[in-house]
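**Q** Chain by chain, the residues:
There are 2 protein chains.
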Amino acid sequence: MDFDKLDGLVPAVVQDDESGEVLMVGFMNRDALRQTIASGYATFFSRSRGRLWMKGESSGNRLAVRRLLVDCDEDTLLVKAVREGAGNVCHTGERSCFFRELVGAPVRLAAAGGRRKADGG
Amino acid sequence: MDFDKLDGLVPAVVQDDESGEVLMVGFMNRDALRQTIASGYATFFSRSRGRLWMKGESSGNRLAVRRLLVDCDEDTLLVKAVREGAGNVCHTGERSCFFRELVGAPVRLAAAGGRRKADGG
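If you're matching them up, the sequences are chains A and B in order. For the first sequence, the numbering used here begins at 1 and goes up steadily by one. For the second sequence, the numbering used here begins at 1001 and goes up steadily by one.
So that you can see chain A by itself, here it is in the shape it has in the complex (with noise of 0.2 Å):
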């Protein structure tokens, strides 16, 4: 793994092994990563906290991972795992951090870029 690019940090993508949403992107140091592996449990580097954080080490809900893939220059994780405890991923609630679409942001970007709208689509 190239962990240099980011300053010591790859991009982890989980995604759920059963239903194929993508549930959340963390990033991992080399401890996270060591740490993941050795535990089960997705383990991320909390940017915010300066510290390895297992995800749902306070809330219970848990990923337990079933597979580790790296992409063609080695400098991202595909997380493929399974929801453990309630089952929500997100901190709001929901199960994946993705519940929201770019809608407002897109327009106002491309109005102020002067070229056509997102009509979705």
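Hints are computed from structural coordinates only; laboratory data are not their basis. Even glycine gets a Cβ: it sits at the ideal position worked out from N, Cα and C. Just to be clear, a hint being listed does not mean it is correct.
Stated by the list, open to error - The list that follows gives simulated cross-link-like pairs (lysine-lysine, DSS-like), each with its CA atoms no further than 27 Å apart:
| hint | chain 1 | residue 1 | chain 2 | residue 2 |
| --- | --- | --- | --- | --- |
| 1 | B | K1080 | A | K5 |
| 2 | B | K1005 | B | K1080 |
| 3 | B | K1005 | A | K80 |
| 4 | A | K80 | A | K5 |
| 5 | A | K80 | B | K1080 |
| 6 | A | K5 | B | K1005 |
As the list claims (entries may be wrong) - Label pairs and their in silico Cβ distance ranges:
| hint | chain 1 | residue 1 | chain 2 | residue 2 | range |
| --- | --- | --- | --- | --- | --- |
| 7 | B | M1001 | A | H91 | 14 to 20 Å |
| 8 | B | S1046 | A | E84 | 33 to 39 Å |
| 9 | A | D4 | B | H1091 | 17 to 23 Å |
| 10 | B | D1031 | A | R66 | 33 to 39 Å |
| 11 | A | S58 | B | E1057 | 43 to 49 Å |
| 12 | A | G40 | B | S1059 | 34 to 40 Å |
| 13 | B | R1049 | A | A86 | 40 to 46 Å |
| 14 | A | S58 | B | D1031 | 37 to 43 Å |
| 15 | A | E101 | B | G1050 | 26 to 32 Å |
| 16 | B | E1084 | A | A86 | 38 to 44 Å |
| 17 | A | R66 | B | G1093 | 25 to 31 Å |
| 18 | A | R49 | B | R1067 | 27 to 33 Å |
| 19 | B | M1054 | A | K5 | 20 to 26 Å |
Assemble chain B onto chain A, guided by the hints.
**A** For chain B alone, kept in the frame of chain A given last:
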């Protein structure tokens, strides 16, 4: 969108809107997001080339965006797209950039880690 956490960039996960397969992860800056919305094709900021890069601009293997989702804290994008051209997204010719299991590495990491030493690296 919060572009401040990562020096003007956000990770953008591309998921095949039909198969659910995670195809690649790139980075977008504000202009790449604008261009993605304006053109309807996934466009990234290439860190190595230091410029915007529409995926498939030379190969024709473009990613037509169907939906754009943003995560809970607005620092990551999920791009639901369909593959155009030959349909192979990875520059290696594979359909997805995530075509390899992290097999050797985890074993080595786990063995080397022993009791999960924190080496700050």
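**Q** Now tell me, hint by hint, if it's right for this structure.
**A** Against the structure, the hints:
The straight-line distance between the Cα atoms of B:K1080 and A:K5 is roughly 25 Å, inside the 27 Å bound, and the hint therefore holds. With a C-alpha separation of about 23 Å, the suggested pair B:K1005 and B:K1080 falls inside the 27 Å cut-off, and the hint holds. As the CA atoms of B:K1005 and A:K80 are separated by approximately 25 Å, the hinted pair is consistent with the 27 Å bound. Restraint check for A:K80 and A:K5: satisfied, since their Cα atoms lie roughly 23 Å apart, inside the 27 Å limit.
Distance restraint check for A:K80 and B:K1080: the Cα-Cα separation of roughly 18 Å lies within the 27 Å cut-off, and the hinted pair is therefore satisfied. Distance hint between A:K5 and B:K1005 is fulfilled; the C-alpha atoms sit about 15 Å from each other, no more than 27 Å. At roughly 18 Å, the beta carbons of B:M1001 and A:H91 sit within the given window of 14 to 20 Å. Our hint of 33 to 39 Å for B:S1046 and A:E84 holds, since their Cβ atoms are close to 38 Å apart.
Separation of A:D4 from B:H1091 is about 20 Å and conforms to the stated range, judged on CB atoms against 17 to 23 Å. The hinted window of 33 to 39 Å between B:D1031 and A:R66 holds, with their beta carbons roughly 37 Å apart. Checked against the given bound of 43 to 49 Å, the beta carbons of A:S58 and B:E1057, roughly 45 Å apart, stay inside it. Taken as a hint, the range 34 to 40 Å holds for the pair A:G40 and B:S1059, whose Cβ atoms sit roughly 38 Å apart.
A C-beta distance of roughly 44 Å is found between B:R1049 and A:A86, which places it inside the suggested range of 40 to 46 Å. Between A:S58 and B:D1031, the C-beta spacing of about 38 Å keeps the proposed range 37 to 43 Å intact. A:E101 and B:G1050 have their C-beta atoms about 31 Å apart, which keeps the hinted 26 to 32 Å range intact. Take B:E1084 and A:A86: their Cβ atoms lie about 39 Å apart, and the range 38 to 44 Å holds.
A C-beta distance of roughly 26 Å is found between A:R66 and B:G1093, which places it inside the suggested range of 25 to 31 Å. A hinted range of 27 to 33 Å for the beta carbons of A:R49 and B:R1067 is consistent with their spacing of about 31 Å. About 21 Å separates the C-beta atoms of B:M1054 and A:K5, a value consistent with the hinted range of 20 to 26 Å.
Of the numbered hints listed earlier, not one is contradicted by the structure.
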